[in-house]
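Protein sequence lines correspond, in order, to chains H and V. So for the first sequence, UniProt numbering puts the first residue at 1; every next one is plus one. So for the second sequence, UniProt numbering puts the first residue at 1; every next one is plus one.
One should not assume that every hint holds.
Claimed, not checked - Quick partial rundown of chain V residues pointing at chain H, CB under 8 Å, derived from the structure:
1) Asn219
2) Ala251
3) Gly255
4) Leu577
5) Ile599
6) Tyr649
7) Leu657
8) Leu658
Stated by the list, open to error - From chain H, some residues computed to sit far from chain V (all C-beta separations above 10 Å):
9) Leu19
10) Ala58
11) Pro184
12) Gln196
13) Phe283
14) Met390
15) Thr472
16) Ala490
17) Val523
Derived from the structure by calculation, the hints contain no laboratory data. Only a predicted model underlies this, so the values are computations on that prediction, with no experimental measurement involved. For every residue, glycine included, the Cβ atom is placed at its ideal position computed from N, Cα and C.
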Amino acid sequence: MTANDCLQVGLFLAVLLLLVKPMGAYMARVFADAPNRVTRFGARAERGIYRLCGVDPAEDMGWKRYALAMLAFNVLGLLAVYALQRLQPWLPLNPQHFGAVSPDSAMNTAISFASNTNWQGYAGESTMSYLTQMLGLAVQNFLSAATGIAVLVAVVRGFVRRSAQGLGNFWVDLVRGTLYVLLPLSLLMALLLVSQGVVQNFKPYVDVPLVQASSYTETLKDAAGNARKDAAGHALTREVAVTAQTLPMGPAASQIAIKQLGTNGGGFFNANSAHPFENPTPFSNFVEMLAIFLIPGGLCLTFGHMVGDRRQGWALLATMLLIFVPLALGAVAAEQAGNPALHALAVDAHASALQAGGNMEGKETRFGIVSSGLFAAITTAASCGAVNAMHDSLTPLGGLVPMWLMQLGEVVFGGVGSGLYGMLAFAVVAVFIAGLMVGRTPEYLGKKIEAHEMKMASLAVLLPCALVVICTAVAVLVPAGVAGIANPGAHGFSEVLYAVSSASNNNGSAFGGLSANTPFWNVLLGLCMFFARFPLAIAMLAMAGSLAAKRHVPESAGTLPTHTPLFVVLLACVVIVVGALTFLPALALGPIAEYLMSGH
Amino acid sequence: MNTHSHAVRGLDRALVLKAVADSFRKLSPRLQFRNPVMFVVFVCSVLTTLLWVQAVAGHGEAPAGFIFWVGVWLWFTLLFANFAEALAEGRGKAQAAALRSSRKDVVAKRLAAAERNAAITFVPSSELRAGHYVLVEAGDPVPGDGEVVAGAASVDESAITGESAPVIRESGGDRSAVTGGTKVLSDWLVVRITRNPGESFLDRMIAMVEGAARRKTPNEIALTILLAKFTLIFLLACATLLPYSIYSVQAAGQGHPITLTVLVALLVCLIPTTIGALLSAIGIAGMDRMIRANVIATSGRAVEAAGDVDVLLLDKTGTITLGNRQAVAFHAAPGVEERRLAEAAQLASLADETPEGRSVVVLAKERFGLREHALEALHAQFVPFSAQTRMSGVDIGRRRIRKGALDAVERHLESRGSHLPPMVKRMAEDVARRGATPLVVAEDDAALGVIELKDIVKGGIKERFAEMRRMGIKTVMITGDNPLTAAAIAAEAGVDDFLAEATPETKLKLIRDIQSENRLVAMCGDGTNDAPALAQADVAVAMNTGTQAAKEAGNMVDLDSNPTKLIEVVEIGKQMLITRGALTTFSIANDIAKYFAIIPAAFATTYPALDALNVMRLATPQSAILSAVIFNALIIVFLIPLALKGVKYRALGAGALLRRNLLVYGLGGIAVPFVGIKLIDMLLVLLGLA
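All chains, full assembly: derive it from the sequences and hints.
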């Protein structure tokens, strides 16, 4: 670790902490039951939307109705995105005349964007028309994020309300989250990005001559797609000269803003935030990193406001930071340490005034080691999944960090809304164990944690873990799964494990290396994404429903305090221990084996 | 239950032997299925045994000896778990046997009517029904639970309470309940039977101690769900390890896939077997600790609720203060010698047999060496306390000495044309303000002064209340005294609040008020007029000396009839929860070391580099796996005493308690297996089994 490393990480955390406090307070007002300055401001627009949709904003929904509305709305959105992709050749705003997306890929992408995963089996600039990007993908970026926030707000109301039946109104929460939180922030951020050079237009792609022409070797193939060979059995090749380059265009800035803010992560271009038109400067990179944590971090404090004890919100934020900071520093340190194979060749990989040092493979020179390592940790701690460096090229330990951060259940910041309600499931488990140890029937925020809550919280914790281990097993057993693996040995296993972990925790980042745009992978990962997102949200709503109906137990000296450093450490330990115990054997066969064999 | 615990201690050896036999009997799959964690171990044991048979037949996936030892220790894991449960049940069963011997069918003298002289028919006690009347005479056992409707007798209740001194049972009042199985020693009673056979107190008690009525408590169910979840996670993590391993062998191009034996061993080590094995033992032992504290709880739910209590309602008399007030000082009126006051007070109290009266005589003797006079020698005439005058005293010749409450004596003096000096009145009020009771002594038409009668707060009770406060439990004193006196005693005893001039109605209202704030209330009571409050309270301990109605209304009965026991009940409830939490934490924390033992061993052939994780430097892959399995089984045995005795409860705030228990059972749980597994591995090497 160099001083520069610490400075950059420190600066990021400092700015983040400055921003989350007002953000948390603001969102608490947005979702407050009583009208206030914020909600009065957009009251007319809100009323108009409700009237247009025939929604009664005064309806207080029970958990089942809330869950049904959430599920129905998202399934409809999913179908719309599917239809747009299949029909895009016949729809406008398709200057490159892209054909219809294949059914399995289209379904995978539809689930991916509805579930806030934004796993991309396709390459944006060579698959999706501008209309599909804008009307399908960008819209889902907003709505899936708003859905996450809405479910969280309903879950928090379960803790707040006493002897109540309802958890609020899904439509109102959805509209408010979009109207007051996501839209204004996205607008602001899109402008910032455009100022840095992110493209925003409807132009067709531009061909430009290369300043320095280059060439590459192509393997000749026969009609059946097999490599043609000469008499000696060597593959036939030819040199291809490259003199021009195609620059993709499109309405990118508007989509990238919400991609970061809504922890979506689905890039406009295939290279995602490594692409110069998506993330041109170190400043835009800094803004994009902040944007990922802004809402999930702020929601922790919103939670504190809503339950009437701000310390509770800070405690959850502290828990997340307690897990995130060491892991992020670990990732940066591993990348800065570089590749031992290169050290053996006496390559100088030390950071100096002239070079970043460390492992620069797969990284953009404009970001360097720290901004790439930190970005990797941030994008996987939160369930964003945008990448500004190729995770496949990270060192074994540098790659272990993002993988494990996802496997922790995407609760360290996690997705907007979903991260915090996942963390609340862990908090319920932690409170249960800790509550027993102080000799009282466990209670959290004044609500007794009993069998039903335990069942739902356990389900929420268990589900992503189960999906990861089971689907990884399926993938390495089935030839169609193994076929996609690019690298041999432990690294190949890591590629599979990473992809399944990413989909099963709604992250969406890809390790790379794995050829996942095949029917097998599209179906498997599609199932992972769907079942990780919706059943988990419904389990949490069910828990909230039963909590809301409970009476409030007043606090006493015998009550376990849940805002203290002790509880923060305990909660972090529960998250880490569950993650470690579940995934250690798998990680041992992937990144850990790779690390130990790579000459350390 | 002194006699019983002696009997139980004597049985220790026999109990252990019986528990060993029971641990084999409990291997039945039907019983194992009730505990998800242990059921997984059961299936694993069967599977390993089959693998061993296969290996012996020559087609084994691993050396038969290795599979054999893993299998043996898996079965031991199950047996140890069964043993813990059997041992916990054993104590209760021994007690139940002792109780059952007092439930012999006896011949009862059934009366045709509720009178001693009514016609008698002899019927077996099993034919008595609620509402029948029976006559019980000296030497007869009481044939069933009931209410005394006529007569008074001394009754030997040692069969139930273990207390050998006989108690008085009489009709009316709060001592009218008799229990089947006790014995009348003298005189006679007419008893109205209130319980049908099979529903009696003794029957319920036997069912409770035997564990027959034991159902999982709500908290136990929630914990079982959590443990089942962990088990499921580990089951998936281990089961999927086989495909991962097969793929890795292909990818690395060396080694063999992980064997089923190793997978099974890993699974059993990872699932929370320690707490799974001891969970039911902890619950049974909690009930057992109640029984040994001589409290019979009607359900495990009640014991658990005791741990959650927020407010304790305690009767002042008998709980906070010693039963009776005692004279502690004489305050003479101006111009009166204290000795004269003492003498008059002593004379007025000579015939007064109440404890207060006796204490006045004793105080006078202590302070001034005044000897007790014989009333006859003085030709004195005792004037007993009457509800009209609210005074008592003595007439000796022409001297008329009276003592009584301030207002009573004031009226007495005024009726004689005199008045109470303001000084004396002030003195009396001062005494009252201190929480003591003033008795004014008057001779003829002059007030001599004031006797200070004081409630004596029990030694050590203040410290107990301070503990309660640290635990977050509020104590409320219930008393019939006026608010002034109550406040003073409350301050002296260190209770948080008090209810003065309490009546059954105000008591009930207080409980409802507290409950409306969603706090749990515990109280104890004995009288019939306590019954509504007992029924309303969340944890209600009825005194065994109390009425049948009180016992019916409560959810616990204290056989010692000691109201201070409430505090102990709360502690036992908390201790039970803490023991569960501590062992759960310990169990999960153990897994970290087991991973370090098994993972490098399991993949030794595929990725030899993983040996870097073998931080314990265990001898061979096989010894590493076997050591982890053996540790996993033995730790259950080592923790049986803790499960039965319970984690020591300390009256600390929740934060401090959590920190302490996390350090001991969390960090301890991480460290202990590293040491244990290493030691077992060294031993295996020594024995040549590695």
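Do the hints match the structure? See the list:
no.	hint	verdict
1	Asn219	holds, 6 Å
2	Ala251	holds, 5 Å
3	Gly255	violated, 11 Å
4	Leu577	holds, 5 Å
5	Ile599	holds, 5 Å
6	Tyr649	holds, 7 Å
7	Leu657	holds, 5 Å
8	Leu658	holds, 5 Å
9	Leu19	holds, 31 Å
10	Ala58	holds, 29 Å
11	Pro184	holds, 41 Å
12	Gln196	holds, 42 Å
13	Phe283	holds, 42 Å
14	Met390	holds, 21 Å
15	Thr472	violated, 7 Å
16	Ala490	violated, 7 Å
17	Val523	holds, 18 Å
The structure is inconsistent with the numbered hints 3, 15, 16, although it conforms to all the rest.
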